[in-house]
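Number of protein chains: 2
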Amino acid sequence: MDASPSYRYEQLADLITSMIDNGALAPGARVPSVRALSEQHGVSISTALQTYRSLEDRGVLVARPQSGFYVASTQPGTFALPSTSRRSAKASTVSISGAVAALLEHSSNRAFMPFGCAVPDGELLESKRLDLALARAARRHGTRYNVYGPPQGEAILRSEIAKRAMRIGHVLSPDDVVVTSGCTEALMLALTTVTKPGDTIAVEAPTYMGLLHTLEMLGLKAFELPVDPIRGIDIDALAQLLETEQVAACALSSCFNNPLGSMMTEADKRALLAVLARYDVPLIEDDVYGDLHFGRERPKPFIALDGGANTIYCSSFSKSLAPGYRVGWIAAGARTRRVIERKLAFSLCGAVLPQIALGEFLASGAYDAHLRNVRRLFQENLAHMARAIEVSFPPETKMSRPTGGFVLWLELPKPFDSRALFDQAIEQGICFAPGDVFSASRRFRNCLRLSAGHGWNDHIADGVRHLGRLAHKILAS
Amino acid sequence: MDASPSYRYEQLADLITSMIDNGALAPGARVPSVRALSEQHGVSISTALQTYRSLEDRGVLVARPQSGFYVASTQPGTFALPSTSRRSAKASTVSISGAVAALLEHSSNRAFMPFGCAVPDGELLESKRLDLALARAARRHGTRYNVYGPPQGEAILRSEIAKRAMRIGHVLSPDDVVVTSGCTEALMLALTTVTKPGDTIAVEAPTYMGLLHTLEMLGLKAFELPVDPIRGIDIDALAQLLETEQVAACALSSCFNNPLGSMMTEADKRALLAVLARYDVPLIEDDVYGDLHFGRERPKPFIALDGGANTIYCSSFSKSLAPGYRVGWIAAGARTRRVIERKLAFSLCGAVLPQIALGEFLASGAYDAHLRNVRRLFQENLAHMARAIEVSFPPETKMSRPTGGFVLWLELPKPFDSRALFDQAIEQGICFAPGDVFSASRRFRNCLRLSAGHGWNDHIADGVRHLGRLAHKILAS
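Residue numbers (this note's numbering), protein chains in the order written: chain F, 8 to 484; chain R, 8 to 484.
No lab work stands behind these hints: they were computed from the structure. Among the hints, a few may not be true.
Copies of the same chain are indistinguishable here, so a pair counts whether it falls within one copy or spans any two.
Listed next, the in silico DMTMM-like pairs over lysine to aspartate or glutamate satisfying Cα-Cα at most 25 Å (straight line) [said to hold, decoys possible]:
id, residue 1, residue 2
1, 203, 223
2, 480, 375
3, 228, 128
4, 405, 17
5, 480, 235
6, 135, 367
7, 97, 133
8, 97, 182
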């Protein structure tokens with residue numbers, strides 16, 4: 008690929024991944040030592056180490072101190088990876104609102120097994136410390152904070168968010184941060200800042216249904232880019248698209264595409280940024296899953312790689328700490344003033360006390376320990392769910408291998424109809440997200456997304472297995 | 008006026024108002040008894056009573072039990088009313104964002120005298136009971152509520168809002184209510200539901216600057232309607248406009264226009280609705296000041312007069328209870344589903360705990376006593392401020408006579424420049440809102456708005472008098 012220089016360590020990492028996929032390396036097996044790898048493949052020790060570290064970051068290998076690297080036991084053993092999607096032939100007018108609303112209604116119904124909505128369970132998030140900060144602020148300073156806050160957001164929260172930006176490898180000042188009502192408002196503000204109705208936006212296929220819904224309501228069209236289940240967006244396809252089509256912006260996940268779990272390498276991210284810069288197309292990135300990495304290092308979002316020159320960064324605390332608080336943020340660089348104007352015009356400012364509580368929670372230093380805990384929980388939950396899927400779904404099922412976040416993407420042989428599965432599953436009290444809501448052109452009807460954002464137990468495991476049996480029946484019919 | 012039938016009681020009320028204005032009836036004086044009025048003017052007892060009741064609702068008269076009606080002592084004694092604005096010759100492209108942002112920055116700076124922003128002071132609002140409800144919900148049920156709420160809003164809050172709708176004379180079910188991030192988001196959702204960029208919206212002149220800013224950011228144009236300082240919109244001018252121009256919607260205050268304080272009579276509101284219905288133009292009404300009436304009865308918003316057939320109702324708790332909570336709502340009748348779609352696409356849902364706290368506060372029945380208290384405070388504050396203005400501003404100053412809310416609108420002889428006054432006042436630590444931010448075509452440069460949404464004391468009184476002296480100097484120069 009011209010646009011995406013492939014490094015030696017990446018080629019080696021791909022080779023080892025395929026050995027694991029075809030069973031040459033079993034889950035739990037020790038891989039050759041760094042020195043042995045270096046000698047076998049004629050690469051430097053540092054390249055060999057980089058190969059293993061990158062596989063560790065992807066969750067493929069696990070490092071054991073004083074011992075070496077092992078194939079992760081949580082690797083799905085038998086199911087193949089989903090296919091890489093095709094690029095769309097033309098921009099799609101999005102029409103998804105009915106499907107999204109219907110899914111949300113089912114997802115929020117606590118009577119159903121909660122595989123539908125990609126939101127962590129409150130029990131699992133253990134937000135007690137944050138809630139107590141809110142209670143304290145309300146009790147002690149309710150009167151002082153009963154005012155319109157600044158449209159940009161409360162200073163203490165912006166300051167803490169800016170401090171944390173160092174962890175993603177990007178320098179932000181509090182003035183660069185605009186607090187929003189979750190990542191949804193951040194994406195809406197970003198889109199209205201750089202586009203006008205009728206414009207076309209390049210998006211991943213599959214992509215987050217909420218993004219598609221926002222595009223629809225803003226009168227924007229979507230051009231769908233092919234996505235590899237491990238490496239993410241096909242940069243050549245993007246370059247070809249920009250060569251031939253007028254694209255107003257590109258809107259992508261920073262890390263762990265929802266629903267596919269793919270993550271671009273840093274080199275690929277840089278190559279993608281170079282392509283966008285060549286055509287002067289701004290990038291809007293959604294990093295809500297970035298803090299939920301299973302690998303050693305927090306993967307860098309795009310903004311850390313281009314210094315924010317052409318990137319608008321959107322994120323929130325909804326996937327990792329506080330979905331009920333509705334606090335997100337946006338870092339828009341030179342476009343910050345225009346974003347604040349829109350925040351002011353569209354919702355004036357955010358609720359003050361939840362921002363104060365979040366600011367104090369972050370300032371206490373409690374967030375990092377919290378993140379370590381939820382990362383471990385999500386990784387375990389995904390491993391449990393993957394195993395339950397492998398023993399209950401048809402063997403032809405393909406399954407994603409996310410290295411962060413808490414969703415799995417399943418692909419069944421066409422013409423499997425996940426809508427038919429959905430109707431039957433709902434009757435049995437099980438909710439999940441059918442694949443077609445993840446595409447502007449309503450592709451992926453043979454796919455589905457399952458969320459593992461809740462504690463794992465026998466009841467939940469039974470739900471997954473029941474869904475697998477239903478999938479068997481539909482596939483056989 | 009064809010479109011606005013003038014009733015006998017309204018003619019009589021106008022006559023009595025003009026007698027007060029020209030000094031024939033002094034503040035505190037007893038007006039003729041209902042029987043005497045009936046005999047003098049050859050009207051029925053019920054018409055005479057209706058005359059006095061309508062004057063009481065406007066704050067012109069005060070009823071004393073067992074005694075009769077008196078000219079309100081808080082009536083400004085000497086200053087004339089502001090002029091009725093002219094209709095604009097054509098639709099204006101709005102360009103106000105810079106001015107609004109600059110004003111907001113000054114208004115939120117606590118170092119300045121707080122006459123700039125139309126938001127009540129937290130001390131005055133005494134939201135303790137609400138804050139404790141929030142603290143309790145966070146402490147006891149934080150985990151349960153740490154979820155995405157329904158896009159439409161929490162059920163307990165929608166139910167309480169629907170119950171309160173009876174007080175405005177309109178029947179709503181909880182399903183008719185969509186909770187928003189303050190009235191700003193409600194207006195934005197209403198506008199995006201019934202318009203597209205490039206459309207023209209009919210607005211009052213002067214009108215709320217935030218509405219103009221939202222129009223600008225949505226790419227909407229504004230057509231400005233003449234507004235009488237007492238009776239509100241000139242319905243004939245609206246009818247003429249709709250006859251000749253394509254107007255996508257009309258966006259008005261329900262009661263107590265901000266900044267002018269005008270309020271249309273129920274008969275005029277019905278006539279306006281009839282004109283809009285004739286041309287099939289939807290009405291978007293902003294009722295944030297409606298609960299802050301000084302008269303006996305809560306004035307009816309438009310939605311109560313057309314049953315919501317053609318009206319989208321927007322309001323919030325920001326002016327009366329909780330500016331810091333950012334909770335508003337919208338009732339959009341047949342357009343409710345489309346409004347929810349937009350809420351979902353633009354901000355997903357609101358923060359859960361503040362909604363729960365507000366729902367519990369309303370359910371406790373505490374809001375009515377709270378409203379009685381803040382109404383009295385605002386009325387007293389406005390009376391204090393009006394007196395301070397009358398003794399310190401140039402005698403040519405004209406001043407509004409709001410019968411609700413907490414702002415005063417001052418008009419000085421042209422070419423008085425309220426921007427020059429603003430610059431000098433800011434240097435002296437006094438903030439207010441210059442007139443031109445209340446107009447899409449940046450008229451009213453000789454006007455200013457003062458907010459009295461804070462406790463009255465000597466320091467505040469000094470600020471008003473200081474401003475008056477500055478106005479004297481600028482007028483003389």
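Status of the hints after comparison with the structure:
1. 203 - 223: For residue 203 and residue 223, both the intra-copy (12 Å) and inter-copy (13 Å) Cα distances are at most 25 Å.
2. 480 - 375: Result: close neither inside a copy nor across copies, 45 Å intra and 59 Å inter.
3. 228 - 128: Answer is neither; intra-copy 33 Å and inter-copy 45 Å both fail.
4. 405 - 17: Intra 23 Å, inter 76 Å, cutoff 25 Å: intra-copy only.
5. 480 - 235: neither (29 Å within a copy, 72 Å between copies)
6. 135 - 367: both (13 Å within a copy, 21 Å between copies)
7. 97 - 133: neither (45 Å within a copy, 57 Å between copies)
8. 97 - 182: The answer is neither: 39 Å in one copy and 39 Å across copies each exceed 25 Å.
The structure does not agree with the numbered hints 2, 3, 5, 7, 8 stated previously, though it agrees with the rest.
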